[in-house]
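One line per chain: the protein sequences are A and B, in this order. Residue 1 is where the first sequence starts when you use the UniProt record's numbering, and the numbers rise one by one after that. Residue 1 is where the second sequence starts when you use the UniProt record's numbering, and the numbers rise one by one after that.
Hints listed in this document are in silico derivations from the structure and should not be mistaken for laboratory results. Since this is a predicted model, take the numbers as computed values, not measurements. You may find that some hints are simply not true.
Identical copies carry no separate label here, and so any pair may be met within one copy or between two of them.
List of simulated lysine-lysine pairs, DSS-like, C-alpha gap at most 30 Å [to be verified]:
#, residue 1, residue 2
1, K422, K81
2, K473, K369
3, K239, K56
4, K81, K64
5, K289, K439
6, K56, K108
7, K372, K56
8, K96, K56
9, K415, K292
10, K53, K64
11, K139, K226
12, K299, K289
Protein chains: 2
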Amino acid sequence: MAEEAAVRAQAETVRRLKQDKADPDEIAKEVAKLLDMKAQLGADEGKQKFVLKTPKGTRDFGPKEMAIRERAFKAIISCFKRHGAEVIDTPVFELKETLTGKYGEDSKLIYDLKDQGGELLSLRYDLTVPFARYLAMNKITNIKRYHIAKVYRRDNPAMTRGRYREFYQCDFDIAGQFDPMIPDAECLKIVHEILSDLQLGDFVIKVNDRRILDGMFAVCGVPDSKFRTICSSVDKLDKVPWEEVRSEMVGEKGLSPEAADHIGEYVQLHGGLELIERLLQDPKLSQNKLAKEGLGDMKLLFEYLTLFGIMGKISFDLSLARGLDYYTGVIFEAVLLQQENEHVEEPVSVGSVAGGGRYDGLVGMFDPKGRKVPCVGVSIGIERIFSILEQKLEASEEKIRTTETQVLVASAQKKLLEERLKLISELWDAGIKAEMLYKKNPKLLNQLQYCEETGIPLVAIVGEQELKDGVVKLRIVATREEVNVRRESLVEEIRIRTSQC
Amino acid sequence: MAEEAAVRAQAETVRRLKQDKADPDEIAKEVAKLLDMKAQLGADEGKQKFVLKTPKGTRDFGPKEMAIRERAFKAIISCFKRHGAEVIDTPVFELKETLTGKYGEDSKLIYDLKDQGGELLSLRYDLTVPFARYLAMNKITNIKRYHIAKVYRRDNPAMTRGRYREFYQCDFDIAGQFDPMIPDAECLKIVHEILSDLQLGDFVIKVNDRRILDGMFAVCGVPDSKFRTICSSVDKLDKVPWEEVRSEMVGEKGLSPEAADHIGEYVQLHGGLELIERLLQDPKLSQNKLAKEGLGDMKLLFEYLTLFGIMGKISFDLSLARGLDYYTGVIFEAVLLQQENEHVEEPVSVGSVAGGGRYDGLVGMFDPKGRKVPCVGVSIGIERIFSILEQKLEASEEKIRTTETQVLVASAQKKLLEERLKLISELWDAGIKAEMLYKKNPKLLNQLQYCEETGIPLVAIVGEQELKDGVVKLRIVATREEVNVRRESLVEEIRIRTSQC
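Sequences and hints are given; from them, build the entire structure.
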């Protein structure tokens, strides 16, 4: 840094000399000096060219971040298990051809592995395509499973908003031929349970159906071949205003202005059961087979959601489109609502924290005979949830423990390392979470400080006298109280005193 | 398949006609037919060229495998936490240069990502190098952490023996400047606890020290420049006999036969404290500074292991070398011993299930100023452990549950879907793990069968009469007993009856 400043100063000197039309020899001398300094700087840069960092769009999770992450996982997993889900895992990479043709325009974001001989591989882009591949490969026609794992997208990360190139997905899916809307309703119930449990603030779950969208496009005069690309445009409505979306439709995608305006009328609609009823009466929409089917199922879904008591957070929203190609029926997305009186100075714009939908055709794409397995599922956007939990925790100044250690085995005098090792070994063998300092003769003060810093609630202190008496001195860190406990009762005493932990 | 058989039959026809010297026209006709059939078959093969599989050396984990895997993880994590470890996570890929120069001959096994613009990346090969990078990057000089994650090696997998290209590592490491051998002893205690807890059968933990090996090489007359490569040869002794290792040393690596024979005498030694004492008196070895240091520390280590009460499973073994370049002190490896009277027909040869050692120089390789952070750690070879647990479970015919569902919400009559939805929603909201069949009118028999298959212990049956009476019929699947429970007491009743689960 100092060197760079010197170079800048020298450059300024040269500039001024030239400006002042100084003696050419003097200018030449200073220019030579400048070039020399620059060369020197370049050489230094060359020396330190090794960069100590994680790849772009990724991050490490230290103990504190992991503690927060595990809290969130715990809530999510316990919800998935409450709904009777099994768990599976698949490899982090798939054959490249497994991912081909599943993600539409987003395929360019897939990470490929280098061809080092053998198969061509890509990192998974989501957990849904590997799930469909797993079902087809193992001829499974019926399963309810969750899968929590990292996925990879070569996106331009906005890491402050919790967007990364490597990120976790928490997926729950129900595969199988069932009566309509029952598994779909359960997916929405799960989103509701998880977001309520995590206490992230107020939220709304937007719901729509690809069949309603396609029916709407048809009655608005969108040609069949443009359904998917117009759907992609509609998908941007949560980020950009209608005017921009409209001009993309008309300008870039060649849609007629009338069709676009017609779509514009529909996509501003959102509401509840009464909107469904109204659209079922809509003279155009009700004539379209797909739209009618979608609206009928939406009505059924809303009946089930009413029985689940979660209608307060549900909004039927005709502007919801979802990016992925493979959806065939119900789609949904949960969005956090920005609180008005938040304590954080710069509120994070978090957007969608969960999403999903029905994809009845995906498994069939993998089956040699094209046999279909209907599926519906939900994916929890855990990275954004982390960002919010991290920020909340920072604001609250709550001190978060990163270990579960119950007791520190300590000594007050020197030459007691062996006694500490013997005692800690007894505790470990009895299942007590115990630590000791890795020093032959640690100072008692340092041992007590370690407990304060890391939140260890108890200290078991061995000393000459205690050894003779067959006791251990147990110190309660919070109150500084000390009691002598008979060695044979120590394990039980520690258990009782830390049972709240 | 039928087509292939037809082709073979036709080929046989042609062969016989030729053998019988039949009419050339007839032969020509049959040959043409054969070629036609072959072309047809080729076209069919072309049509089905899409391969439905996971990449070479990887596998999916279905619900049953996951249940086994989670059992093993639970034992391992609870041991790590018992020893006060924090947890961290790092990205699945690192900058390519981060991995460069850390793995010696094995570097060719690293998976590289394709250059799609931007940074050059590689999949992590182990968790130790990312850990060292993490410490240097964050200037951490003191941490005890575990990390459980997948690593990647383009090895030729022997999947029957539990070797894969994608596999989990479970690492526990202690970083920091401490008094000698205390953290090292704890790592060995951890291996002992985990292997005992998992009940994999008898095992031995071999221990050695890189300094003893290097000292031994020096006194045997190995030139300094050949230390690492001769060490690699010694590392093969657990797989190939001494004669082969010797001829590699002499033939390929140009070591003198005398030096090799001298090494041969040392590497057959293994034992306990008495062997350490004997080597400390060894006229040559005791003159070597490195060896003496290593032997002194080994003696100290064995004192600590005696206090931990685990000497019964420890063997000081001069043939243990470990493959990786970065070890600088104590090294160790746990090996399962083949039981003599095993029930399995073809006992798996499992080899090493845990290993580790001290690597005091690795973090310094990442620090711009070369500042060292001494580290010692252990890695549990979880994939091999899975293979053994899977095989044991299969042999035992124990039925393993893949969900934790406590109760199935069922109905005996038709038209009760709405009542089932209402009840299951109440149960979920009360934290009960509940499922229902996704059918409008499921048969009671099917509902009961589902419980038998999946191990759900209770059925909550709603019926017209029960609804009127304000009760739910609770059926205990194992005993077929049925009791009426008041609706407001149902949650409590389910909790009590499944509290053992």
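(message) Hints numbered earlier in the text: which of these fail when held up against the supplied structure?
(response) Of the numbered hints, 2, 11 do not hold.
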